Amino acid sequence: MLPQMLCEELCSLNPDVDRLTFSVVWKINDQGEIFDEWFGRTIIRSCCKLSYEHAQDFIVHPEKDFVSSELPKIFNGKKSDEVKEAVLRLNKVSFASDAF
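The opening position of the sequence shown corresponds to residue 279 in our numbering, with each subsequent residue numbered one higher.
All clues given are correct.
As a list, the in silico DSS-like pairs of lysine-lysine whose alpha-carbon atoms are at most 25 Å apart:
1) 356 to 342
2) 356 to 327
3) 305 to 357
4) 356 to 305
5) 357 to 327
Quick list of the computed label-pair ranges, beta carbon to beta carbon:
6) 287 to 307: 34 to 44 Å
7) 281 to 339: 30 to 40 Å
8) 350 to 281: 17 to 27 Å
9) 290 to 364: 16 to 26 Å
10) 307 to 346: 31 to 41 Å
11) 366 to 312: 16 to 26 Å
Hints in this document: simulated from the structure, not taken from any laboratory. These numbers come from a predicted model, not from an experiment. Heads up, the beta-carbon is just placed ideally off N, CA and C, and yes, glycines get one too.
Starting from the given sequences, assemble the full structure and let the hints guide the process.
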């Protein structure tokens with residue numbers, strides 16, 4: 279196990295905190311095929327910290343309009359619909375026939 283300070287604070291993508299990273303950015307078509315990629319240094323600033331249950335609710339109930347009291351605080355001017363759409367896009371990619 280990693281020390282709590284390391285895994286929960288220093289290396290965690292906590293919301294509204296800049297993290298220096300090395301990223302891979304892929305452009306993926308609807309079949310899950312990568313047609314462009316980029317590797318480089320980036321700064322990541324997460325807008326919220328979803329539990330697995332919140333993400334699953336987005337996937338199971340895509341038509342639902344979630345109210346702020348049902349979700350953790352969202353930062354950086356993002357709205358719950360934007361977060362939900364990002365989760366749904368990632369879920370779609372994970373099920374693409376040639377994704378991985």
